[in-house]
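One-letter residues, chain by chain:
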Amino acid sequence: MLINWFSPLPPAKTDIAHYTQRIMPILTKISQVKLWTDDSNVIPSLQRHVVIYNVHQLNWRELNKAELTFYNIGNNPVFHTNIWKTAIRHPAIVVLHDECLQDLFGAIYKQEVNGKQRFLSIMASYYGPRGYYDAERFWNGELETEELAIKYPLTEFAVENAIGVVVHTSNLFNKLKDKLPVIYLPLPYLSKRKIKKEFKSKKNIYKLILFGFIGKNRRLESILNALATSSYKKYLQLNIYGEIWDQAYQAYIEELIKKYNLQKQVKIHGFVSEDELDKAIFDSDLALNLRFPTMGEASGSQLRIWDNCLASVVSKVGWYATLPKECVEFVSIENEIKDLHRIFAELVHNPLKFYQKGLNGKRYLTTYHSPQNYIKHLLEFSQQVSSQHLVCKYLCEKTANFFSSLSFNPDEHYLRQIATAIYNLTV
Amino acid sequence: MKIVVVTTHVPFVYGGAEIHAKQLCLALQNYGHKCEVVKIPFKWYPAEKILDHIFICRLLDLTESCGESIDMLIGLKFPAYYVKHPNKILWILHQHKSAYELWLHPEYGDLSIQPNGKLVREAIISADKKFIPEAKKVFANSKTVAERLKKFCGLDSIPLYHPPLYADKFYCGSQQGDYFFYPSRINKMKRQRLVIEALRYCKQPIKVLFAGLPEAEVYLKELKKKAEELGVSKNIKWIGFISEEEKRKLYADSLGVIYVPYDEDYGYVTLEAMLAGKPTITCTDAGGPLEFVVDGITGFISEPTPQSLAEKLDMLYENKVKAKEMGKNAYLKYHEMKISWNKVVETLLK
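If you're matching them up, the sequences are chains A and B in order. Using the working numbering, the first residue of the first sequence is number 1, and each one after it goes up by one. Using the working numbering, the first residue of the second sequence is number 1001, and each one after it goes up by one.
Incorrect hints may appear among the rest.
[What the hints assert, rightly or not] Beta-carbon label-pair distances, calculated as ranges:
hint, chain 1, residue 1, chain 2, residue 2, range
1, B, V1010, A, P11, 33 to 41 Å
2, A, Q47, B, K1137, 55 to 63 Å
3, B, F1152, A, E62, 50 to 58 Å
4, A, R89, B, K1224, 56 to 64 Å
5, A, P129, B, V1010, 44 to 52 Å
6, A, Y368, B, I1056, 21 to 29 Å
7, B, E1134, A, N409, 54 to 62 Å
8, B, P1046, A, K13, 34 to 42 Å
9, A, P44, B, K1130, 46 to 54 Å
10, B, K1224, A, I26, 53 to 61 Å
11, B, P1046, A, Q47, 47 to 55 Å
12, B, K1137, A, P129, 36 to 44 Å
13, B, K1130, A, W245, 39 to 47 Å
Hint data in this document are derived by calculation from the structure and do not stem from the laboratory. Glycine residues also receive a C-beta, built at the ideal position from the N, C-alpha and C atoms.
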């Protein structure tokens, strides 16, 4: 079987690239895979599968040769604009990684001629007059993307032309299940860590870790505040790995660290090798994996934390709120700093509890996030799903447009006949 | 009975399918039935237009006309054969080829080069599987068409041959000419180009007469240019549109007939050649013609390569006695097969 797989690829700075990298060894064992990318910078291990494409000159025959095509779509316009533009022309399966996609569509339509009108029309179509009004405010710079994203996520618009959708959170599944064929599959993770973590009852210092692509939604300001004001500050050390969003934000964080007098407690390591990061996670006592606002994503970072038998703190929102309490600690959005204080205190007084949560997380990972199961169910779903609902949609829209061009309204009986004809044709 | 023969028609294109519908209608009338050909215009691009046409055909009502029942509907072509009728018979000339045997074909597959081609293809296959079995009986134009229907849709049908137009008027001339005759629409799938390329490899002074109109003038210009480049223009005569009488004369006086289309559904040319007592050279991937040409007996079957085709042309040219004998065999074979409109009508209406 030949599969087309559209996705950002490593070294692209997105977890979706890592997700693709994780499942490729299993997928390529059972099928031939073409990795379609518009960026020629791809790690050597994936090079032999790569097809570089130009979204304006796609080879449709090449695409049509595959039995299955998958589009990985997320919120970042840098990685997903061309994938989405291909998906709307060549319907196939969408693997939807985020629920809120305003960043993606805001960027797409700001680039287009008549983009504003098109964007406003989409917002009106999905969210009515309120959506139109707020979209206009956004376009005029009166509203931030984050404000728009939570109220008007444009999830359904992102998958409007999909034959079927694969999601990684139950929230997203419940949102889409009545609208088109959708399957919920826990995000896959190939467990690498074989060594069991040993418990040390008494420690002088408990290591906290925060890693990945660090934007404002990682709640670093709250974390630094909580650390600085915690009674257990002297027992805690925070190591930050990865890339802070931009230089201005990094400078701001460094200023905060100075302001809170946390120079001894906080160390920014930047980017390190994957092995080094895994070791750092494994050697830590607690991971801080807060997210607010969330774009509705499932977190590959969370799976990595579990793989390294590490306890973690998550925000009680989105996908994170659905995680089992045996495997994570929650902080509420409303009482972040207070909750963090409580957790820091518990860590120092009862480290065994967190050790156990780390092991529970590992067990949960291997049970529910197996890549083999993921691929199996992904392919089963994709091979069974029918594209007829898109034909139905096309004919309904065409018929509706036709009737709207008439100067009279056809009677209900006749409309019912048309609807029945469309139904019989496509179901 | 009142019978409608429903087919699709591409405006300004007239060929075998149009002749087929007309002849069927006449045959039914000869049997005392009232018959009309209902032609539904068809456009297949962009791909979503096909969905429109499928839907339109499902909406059409041919169960009665002016308050009187239409007793039977005979559907011939996609998507006309989707029209509903309680007494529907299908005699399928071919399904939508771009969705089936021509899907992904690098030269002839026009659906697979469209972004939503796959979606439309799946809709066509789904509709064929769903609606063809509505018919009381399903016949196919040839074994080739029946085999495709079985292969792609799992549906059974009975091959039913019919005579070409004016079958009783073909004859074999008293003089055997020195040219090969290729009467057909000029397009890529009829592969006149293959013949032009073959001429370059011929050892004998082979002459080919191409009769018929091009579907696109620009393509004919391309073929002529190709012939020039290969230095074989002098071996070719493009005679364009000819009357039925002229066509029969050119058959009659030819040395043999070339007919090398790609995966043809039926192929009137083969039958016309047989009626004219002439051997046919065809190719291993020609489809319908292979049901009638017996290699070495009624003609030759060549590989679809210029070199192989050239070899067969030379063989026939070098042995004109053998060519005459093959022509006689072809004529006898046609008559052994008992292809007639009477048989068609009796089979359809049984």
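Against the structure, the hints come out as follows:
1. With their beta carbons about 52 Å apart, V1010(B) and P11(A) fall outside the hinted range of 33 to 41 Å.
2. For the hinted restraint 55 to 63 Å between Q47(A) and K1137(B), the CB-CB distance of approximately 56 Å keeps it satisfied.
3. Against the hinted window of 50 to 58 Å, the Cβ-Cβ separation of F1152(B) and E62(A) comes to about 22 Å, which falls outside the hint.
4. A beta carbon spacing of about 38 Å between R89(A) and K1224(B) contradicts the range 56 to 64 Å that was offered as a hint.
5. Distance hint for P129(A) and V1010(B): a CB-CB separation of about 47 Å, consistent with the stated range 44 to 52 Å.
6. A hinted range of 21 to 29 Å is violated for the C-beta pair Y368(A) and I1056(B), which are about 49 Å apart.
7. The hinted window of 54 to 62 Å between E1134(B) and N409(A) is violated, with their beta carbons roughly 32 Å apart.
8. Between P1046(B) and K13(A) the C-beta distance comes to about 38 Å, which sits within the given range of 34 to 42 Å.
9. The beta-carbon spacing between P44(A) and K1130(B), approximately 49 Å, falls within the hinted interval of 46 to 54 Å.
10. The hinted range of 53 to 61 Å is satisfied by K1224(B) and I26(A), whose Cβ atoms lie roughly 56 Å apart.
11. Hint check: P1046(B) to Q47(A), Cβ distance near 36 Å, so the stated range 47 to 55 Å is violated.
12. Distance hint check for K1137(B) and P129(A): the Cβ-Cβ separation is about 57 Å, which falls outside the suggested range of 36 to 44 Å.
13. Checked against the hint of 39 to 47 Å, the C-beta distance between K1130(B) and W245(A) comes to roughly 54 Å, which is inconsistent with it.
The structure shown violates the earlier hints numbered 1, 3, 4, 6, 7, 11, 12 and 13.
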